[in-house]
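Given the coordinates of chain A, assemble chains B and C onto it according to the supplied hints.
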Amino acid sequence: MDFLFITQQSLSAAIGVNTIIFALAAIGLNMHFGYTGLLNFGQAGFLAVGAYSVAVAVVSFNISLWIALLIGIGNSIILALLLGIPTLRLRADYLAIVTIAAGEIIRQIARSATFNDTLGGSDGITGKFGKEFFDLNPFSEGLNLPFLRYTPNDLWVVVVGWSVVALILALMWLLVNSPWGRLLKAIREDEDAVRSLGKNVYLYKIQSLIAGGVIGSIGGFVYALSRQSVQPDNYGTALTFFAYTVLILGGAARVMAPVAGAVIFWFLLVFVEQFLRQAVSAGYIPDWLIGVNQVGQIRFMLVGLGLMLLMIFRPQGIFGDRKELALDARA
Amino acid sequence: MPAHSSRFKEQALAAFAAITPTPGVAKPDPIIVADKVTRRFGGLTAVNVDHVEIQRGSITALIGPNGAGKTTFFNLLTGFDSVNEGTWTLNGEQIAGTPPHKVARKGMVRTFQLTKALYRLSVLDNMRLAATGQRGESFIRGLFPFIWRKQESAITAQAEELLTRFKLIDKKSDFAAALSGGQRKLLEMARALMVKPEIVMLDEPMAGVNPALKQSLLGHIKDLRDEGMTVLFVEHDMDMVRDISDWVIVMAEGKIVAEGSPESVMGNQAVIDAYLGAHHDVSLDEGRS
Amino acid sequence: MRKKRFGALMMFATIATTLSCLGFGFGATGAASAATPTFIQGTLIDTEKNPLPGVGISATGPNNFSSTSITDSSGKWQIEVPVAAVYEVSINQEQLPDGQALTDPTRATIKANVISLGFNVTILFPIGPGVEKASDLERGAQLLADGLILALVIALAALGLNLVFGTTGLTNFAHGELLTLGGLLTYYLSAIVGLKVIFAVPIAVLLSAFIGGYLQDKVLWQPLRRRGTGLIAALIVSIGLAILIRYFFLFIFGGDTRQLPEYAGQDGLTIGLVSITPKSIITSSIGLAMLIAATMWLSRSHMGKASRAVADNPALASSSGIEVERVIRAVWILGATLAGFAGIMVTINQGVSFVLGQDLLLLIFAAVTLGGLGTINGALIGSLVIGVSIQLSTLFIPTELKYVGALAILIIILLVRPQGILGKKGRIG
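Chains as they are written, first to last, in numbering that gives the first Met the number 0: chain A, 0 to 330; chain B, 0 to 288; chain C, 0 to 428.
No wet-lab data here; the hints were simulated from the structure.
Every residue, glycine too, gets a C-beta built ideally from N, C-alpha and C.
What you were told as hints is all true, and nothing was included just to trick you.
Per the computed footprint, the stretches of chain A lying under chain C, defined by three or more beta-carbons under 8 Å from a beta-carbon of chain C, are: (1) 87-94; (2) 98-110; (3) 299-305.
Pairs of lysine-lysine residues, derived as DSBU-like cross-links and limited to a Cα-Cα distance of at most 35 Å, are as follows: (4) K213/B to K184/A; (5) K304/C to K254/B; (6) K221/B to K184/A; (7) K170/B to K184/A; (8) K149/B to K184/A; (9) K48/C to K75/C; (10) K101/B to K184/A; (11) K127/A to K401/C.
This is chain A alone, in the form it adopts within the complex (with noise of 0.2 Å):
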């Protein structure tokens, strides 16, 4: 067994681009969910509408990556508000409905023959559209210290990445408690109550689906630049269940609870999936028992058997602390 090997792959993924697109989509979500209590089944279309929309915009119509940062940012606002419009009056797990089809819609077109000339149907797009954004990288060479390697297209994506989610953890910090967030709380807690006091809790929703939506498509810019390929099945109801899993591992309705969460969730899967297969490889574990190929899959189960006993035994997550955990038995 090589742990060192194990560790420097674990570790590069707990800081890696992974890391940094599921902490973006919890990010979103945790606006979404934590903040305002809106249950968003897909925020994988807001992933999808942020890729795809760099990929289309400069593979197939030739416009400046820089623009078509832009356009993504447009576009998922849209979304948000085509989302929101007819089902943030609707109770919640209308909402959660709704989303998870809508999601689905996204997907299915992004995956269809009929589109297939601009969106590239089921193999989606791969290209250089990222050249703009690695003209800039300054790193000429990777890194590759004793627990971290990655290429330098990699180490930049990472660094520019984690600064991007640093800026928006600023801004949530900021928001979340200003007067702005307490109204996100208390929709939150009792809508009703929100609006008895004179408060249009229909237009903060709406803000908060945006707000969450757009750091969401932001993930999606960087899940497309990162590979310079979208592929439709990546946006998947599986990328919205793991981002939730990411934000509840970290607690929700706190800042940092996304960026934790992802670091812990993508370090364990990582590390686990490393482990299993060199422990199957090495003949620890029988091969009756678990194939090589089967390892991905016994990882995922543990993704759905951790989210569980997180939910039942620390639904404030990690980080959380007790007190709320007590008051929350009534939701």
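Positioned in the frame of chain A, the structure of chains B and C alone reads:
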């Protein structure tokens, strides 16, 4: 706390003195006038109020057996439910069909039968939330604390003053969920006052409140009138109705069946029928109200 | 569903021939110089590879170019084109022999892109024996029948989902896995253990009811209710459970779709305008009978009435002497039984994979939401609307987008009627 001078009570009673106590009778200075308000659920007509007026600056009780449509009528007036037909005015302005938050901004603020304290907000935040015209409630301005910090201090001072008056100041940093049932009722009433309303609508303010707190709640309700506000409340506790209300309106089967002073209404045959006799089966509809 | 399977075969054959023709075309002409004449060409054959002579094929292009060719005795046709451009090539369908038609009538005109002179372009018009001679009426009838069967599968699953929601408030994202469970059990019992399907199915249904209903509620959901777990927390637990079970199924079963060995290739019977396999008729009849029995049980039996009382108002039901927990357990068992059979229906007719339930879950949710969360008849009506509209929508939109259409219908109906078709409007205060 303003002295419990009976001056305000006398003023209110004087306004009612000349009125014939019949259902739907006109008031000298009505703040709310409602006409032909109808709400049906499936085949059942929950509210069918032909005409009613609420006198400004008074405490008016709305009573009636379970399922009489009192809470539904409240919901309709405050915009939380929509009517099948009917119109009503607040200070002469048509407000039928106005969404609830706009009704509140026009000065009509309500509380709920099941208290809606915002559990995972502190008591102080519950209060501060309700203040009107907050600059920091805008998304963009919320990002810049220097824009709203000064206003926030003023709001906090106002909230603490009210919390002191309602004897909740010691709890200001606690989560609202940590309060007792009665304290939540107090908090909800205090929070409504942060909106600086003209008329306060209380839906069963005494439900689930222990006797010790009842007296203090009663005092607070009288204070509202004595500060010039109008109070309309739904209540089952007849002692309380007799004690604090200037005028009583009785509903049964969605209609207004009697109006008058507390004393006259308590002896009214229509009221006794409504509560005890003729329509006893009505109370079976309780589950929905 | 003979026609369908046949259509798929045809399509496969077509793709294969197109590919080989293209390869051929480039190979043969690639070496030629640009001066050689350039053709758009093809060979018109039916599925038995018999040539179809005497059919007119015409091409139009820039500068009013227009030319027609008639297929020769070996079915070949070619049209010489003057410049590199995109041409529109059409087939005169009326000249096709009786019993032969385009397999896709929308492809009577095909664009041919002549990239540069010297490179011939081969165009293929797939012809089949009357497959697409089917009139709109026949297609509609077939789709309606398919839609009704899909609606039945959805309804079987939706009823249980809605009952559990009604009685416990749980929005169960792991409900789809109950369908997969039923399907996988049937597969293992028949393909691995070797039981006849007719015996495997009842055992699989009973096991579904026991594992998916009784055990699931007893081990997981009842303890959670006792702990006072909130509704949203429970919803997220169900998501975790769905992920756990789904990947467990993948772990033990693998990622492919498998057919039951028995009845795998059954020919369809033609009944009136529609073609339907005997296994589909039988499973649908049993499914319908189960659905009717379940709704009768809900409306007539003591336990059924009690479950509706609990759904209406659990506190009131409890205070009037109904054992709420027993009712919930019964509802879970009923729901798992119906869902298990829904999965079995899919397995027998289309095969089973680990995502069988997941693929249907959104449609089940759509049906339940459409009808109104928590209402029994609503779930049935919602299933009917979703199932039939998915299939019929393929008359107007590409088949691959049919689920998009159904989900869009859901969103549009909720816009007009936020509480669903039969749902009750909430009251406040």
